[in-house]
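Colleague: In case you want the letters, here they are:
2 protein chains.
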Amino acid sequence: MDKLDAIFAPESVAVIGASTKKGKVGHDIFANILFGGYKGTLYPVNPKAKSILSVKCYTSIANIPDPIDLAMIILPPKLALQAVEDCIARGIKGVVIVSAGFKEVGGEGLIIEQKIHQMCQQANIRIVGPNCLGVINPSAEVSLNASFSNRMPESGNISFISQSGALCTAVLDFAADKGFGFSKFISIGNKADVDELDLLRYYHKDPDTDVVMIYMEELARDPEQFIREVREITSGANPTHVLAIKSGTSDAGALAAASHTGSLAGPDAIYDAILAQAGIIRCQTVNELFDYAQVFASKKALRGDKIAIVTNAGGPGIIATDMSENSGLKLAQFTDETIRELHRYLPPTANFHNPVDVIGDAARDRYENTLATVISDPGVDGVLLILTPQSMTDAVGTAEAIVNIARNSVKPIICCFMGIVDVSDGVKLLQKNHLPVYHFPESAARAMGALYQGTKWLSRRTLPQYDIQYDSKKAEEIINSCLEKEQYILGELDGSRILQCYGFNTLKMELATSRDEAADLAETIGFPVVMKIVSSQILHKSEANGVKVGLETAEEAREAFTEIMADAAAYDPAAELDGVLVQQMAPSGTEVILGVSKAPMFGHAVMFGLGGVFVEIYKDVVFSLAPLGRNVARRMIKRIKGYPILTGFRGQPPADIEMLEKHLVSLRAMVTHHPVIKELDINPLFVHAEGEGTTVADVIITLEDKS
Amino acid sequence: MDKLDAIFAPESVAVIGASTKKGKVGHDIFANILFGGYKGTLYPVNPKAKSILSVKCYTSIANIPDPIDLAMIILPPKLALQAVEDCIARGIKGVVIVSAGFKEVGGEGLIIEQKIHQMCQQANIRIVGPNCLGVINPSAEVSLNASFSNRMPESGNISFISQSGALCTAVLDFAADKGFGFSKFISIGNKADVDELDLLRYYHKDPDTDVVMIYMEELARDPEQFIREVREITSGANPTHVLAIKSGTSDAGALAAASHTGSLAGPDAIYDAILAQAGIIRCQTVNELFDYAQVFASKKALRGDKIAIVTNAGGPGIIATDMSENSGLKLAQFTDETIRELHRYLPPTANFHNPVDVIGDAARDRYENTLATVISDPGVDGVLLILTPQSMTDAVGTAEAIVNIARNSVKPIICCFMGIVDVSDGVKLLQKNHLPVYHFPESAARAMGALYQGTKWLSRRTLPQYDIQYDSKKAEEIINSCLEKEQYILGELDGSRILQCYGFNTLKMELATSRDEAADLAETIGFPVVMKIVSSQILHKSEANGVKVGLETAEEAREAFTEIMADAAAYDPAAELDGVLVQQMAPSGTEVILGVSKAPMFGHAVMFGLGGVFVEIYKDVVFSLAPLGRNVARRMIKRIKGYPILTGFRGQPPADIEMLEKHLVSLRAMVTHHPVIKELDINPLFVHAEGEGTTVADVIITLEDKS
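From first to last, the protein sequence lines are chains L and V. So that you can map any letter, position 391 of the first sequence is 391 in full-length UniProt numbering, and since no number is skipped, the others follow by simple counting. So that you can map any letter, position 415 of the second sequence is 415 in full-length UniProt numbering, and since no number is skipped, the others follow by simple counting.
Keep in mind that the hints are not guaranteed to be accurate.
Unchecked claim - Only pairs whose alpha carbons sit at most 20 Å apart, straight line, appear in this in silico DMTMM-like list of lysine to aspartate or glutamate:
id	chain 1	residue 1	chain 2	residue 2
1	V	K22	L	D361
2	L	K641	V	E108
3	V	K178	L	E288
4	V	K330	L	D268
5	V	K706	V	E484
6	L	K178	V	E288
7	L	K24	V	D268
8	V	K178	L	D177
9	L	K205	L	E229
10	L	K638	V	E616
11	L	K428	V	D177
12	V	K24	L	D177
13	V	K456	V	E232
14	V	K619	L	D193
15	L	K103	L	D193
16	V	K21	L	D361
17	L	K24	V	D394
18	V	K638	L	D69
19	V	K22	L	D394
20	L	K103	V	D361
21	V	K619	L	E616
22	V	K641	L	D177
23	L	K21	V	D361
24	L	K330	V	D208
25	L	K306	L	E337
26	L	K3	L	D195
27	V	K330	V	D305
28	V	K428	L	D177
29	V	K21	L	D394
30	L	K619	V	E616
31	L	K508	L	E692
32	V	K103	L	D361
33	V	K24	L	D361
34	V	K50	V	D28
35	L	K22	V	D361
36	L	K178	V	E616
37	L	K619	V	E325
38	L	K21	V	E325
39	L	K22	V	D394
40	L	K39	L	D69
Derived by calculation from the structure, the hints in this document are not laboratory data.
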């Protein structure tokens, strides 16, 4: 038996801090359990009351004569601490602390919360909260509404996790309005113990839960563990589909970042990475969350991107077509047989091609025949059916027909019954049979798109990992020698040497400290050369006119040295100028940026994107946290919008994408071996044609100053 | 008196084709008018019935003894035609034809529709439909529900225009569910006569309409007239705010377009241009349409982008903050005085900075004092207030306080009362007082963003037009000489000559037909030169290896000629090769693309975007139709995402944006003078630093083959 069973399906519940006063949380939660028809036994605890709502009250949990599974605690922090001690002594299995005033207010509240957590950990008891709305399990066998919302939702196969209690009330109201059913519903508040991952594990094993909706404020645990576990939960033959709204303030980005990567690695980008890697579909609004949950709850997969649309009205058919295409779907091309078949059932004024218009006066039969025909077409992966109430419309009959056809097909059918009142009986029939149904065609089409996204995740390819050798010992030596010199910002010379240890191809380069040395080095390296200022203070060299390319002669190298030093001094008179780097000219290629940034909460995030303005203005970059192997790397590269630039654009040969994948894996290995690396930008990296590798054209590495 | 008054506020209505059979449209519309409490006089017309729903029935409209304002016609096309003749003879002022079977089925239906239109035009009568849902006017003085929806919406200051009848029913149900009120509601079907522009003119004059929602399928009239008139309607001191959902199939783009511009000028991009130029806010979903309508209906403007958020729960406050920032808003920084003031009213655990958290146990007073304080802060342009139902929450009291404060402030207050049931009395109070209120914080924040967008449109700058001289006569000569030669695709030589007439700076260039000529021309033009293949069949020269840049010597020019001709022949053996263009090397600059495409329905659309992959992969382009003067041009340039690249990026000098504006205006003039131009691509145009102009690096112009 899972310990969370004591929370979700307790045989007995004690409400500690139950109150006789209506409107008080301690009263309302007790009343909600009592009047919610809880199937177990309920005990109020309050030293001052004889009974509450006619139920005998106990002065302390110690005095209850029977075994108790779950304690709901509604008491201020100090009393709550005492109550938890009593609960442990009493052998209680689970605790939900509803009250606020703990970690979120700091000080003593935080200390008490930590103490409670320790005590319960030792006693092997799980805690939900503090500072939460409570727990709801609407299933007929339990019927527990241990929350301060007086609405018990209907029973269904979707479970909900909310960090915010406030949102819960609104979501319950919204769900009631939509006739939406839940399997389990929980608010986790401060997450002193039970958090999203615990619940996802539990829900994944729960036969009554197929879809989980999360409202997440922040992830307070190791993201790598979260990603590793959740991606198993969302994958495989029996996946749990997870949808999340994640809110995170946009201004919390690392303002003082020395690298592009660092400045782009805001919490929003990082959570995007976590959710994508875990296979969680991110939603922007509560409407989207509900719309998508419905379609995943129907337990069908959209095996391909070709859909058929069946409608009895032109306008909504057009909207559905548009939104489908915007959601990554395509309209299927029917076979001749399908079209011949449709001619048998539909009047000549109908549209026999996709989107099929069965015409306004369609009754049940026309819908039934059309749906049965198009869903059998081998080129159709799913059907979007639109019904608008018109004079001959038979919403209930059509719904019955849809339910019958859906029962015998593996392909998903998503319905849009427009209008709320006229079609409500049909809608209810569809809902009862777990057929997703929406009020507007754009919602239906968007949900279909989300379903396709989900199916793609489930059927993603997994290739064997690359076997790459690294010289981490040498890299360690370089890093240590920099740290000894208290040099925390590493320029191209040291950066390139470290990258070489991880399989990157770098350019020949030497530091010149005089005009003549620059000319000599250029001769040795071979013309043409590039020359760049070297100064710890000048991070963006081109802004300081500190880069000159295509220098062809010794004389040009000499002059370039003088100009670069002069311009750098003018740009930042306080900068310490080490000299000018003389570098082999990079062979041309597509400019990309690779980077790493370390966030305090999340560890290292690896970034990939196209270089130049693509990163700076279009912000067309993507992040991944650990684990980052070959498959994650491949999906990262494909996720940027500019991906076609790499696959052979305008007669250009395809770029060496495999080498890029290896580099991303290697960068991950590098920061795992050398966690002192705080930020890294390889900008640009030139990617050459397939099989021809890449060249690092510039690199900057920042180390953590732990002194 | 406006002729549409007979449609929206008739003193008497005849229902021609009224029926005694429940479920028939002719019965239901009659019943809906009758039971909807219509304030005028209602006459059923049916040759076979004595009375319908107890109301005396007439065999023909000719027999009704009293004057009739409006005829609702529910009859098949041939009988409808006869009925319209009778109506005209009877002196009726307006006609609504509900029945289908006209233009949309083609053939005889189309012919009858055209005949009806002609007859009514001659008789000076307006027609709505055919193929429409009807007309609704919920105002107490009229109370007309001449539709086949049995729901009469509440009265409000928002009017609705729908092309689709099907959507109307759904929208009415949705509105009823949201407690949403309408001023006028109309479905226009085939638009034989009355269309969106007619109704926008009427609604603009209507004192009861402040906001118009449109569901548009296609615009069947001159877009220039539409833009000119609607931008006046949406502007000025007494604007009508217009919101629209526009659906248009994505695959209808010009597939065979010879230019980038042509291939990007799909209907979606064109409608984006029309709506943006007309000042119409485009919505993607019906939810958005309703959310935005509510905020504009409140008749307040958001003068700046700084908002304050007041909440009693952390989570929703974070969501609101995020979505506000995503919607182009910023969180205001409070003055010290505001923060001091807040300390007087809020408990120490509150958050005194934006977003202000008044803490879960806030009752009315805390909300009232906080709202009054932050709205008085000079740095705050508007307030988003979030209330989540908690134990001390006083939804109605807080709503009262908000209403009082809103009454005395010019700044908008947008509310989010979370939960549907618990807070419903507060929500109703807010709605009654025209305060926009939403269920979820992201909807509220998005609506605030839309309001800001609307206010920006109202306060847009209008600068005097540029005075540019053109040599349209010379351009005409060049075009005519090409047409005479049956040359419809003009390459760089002719294209550049035409562009010169319109003030573009082009490069020195000559056509070489032999190796030696190429070398000679290069000497004359001056090294380095660019060489390009010239062939009407090869439009994308670089794909054919047909461009060589930076040629420095006569020998290089000679070799380049041979290679270019050989590669072109290999690329397309059927291509006719005119020779190789030898061209002055363009001075460097930012690559942009300017283009024109002529669409059959819309006329010429002028495009602007960044060149290269920005246009091809990121599709970061924007279109405008006529009228296109200096101000539209300026807003076009600012609308692309890559705009910062032009304003001085990474130490680059700002580009000559004024010259770009002039070019856009000039291109518009060019295609107005020479409508035979079908497509035009200037790709790339190099934009130099401010004041230094631009250089055309390549151009292709396609003329219409009218033979």
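Colleague: Tell me, which hint numbers fail for this structure?
Modeller: 2, 7, 12, 14, 18, 22, 24, 36 and 38
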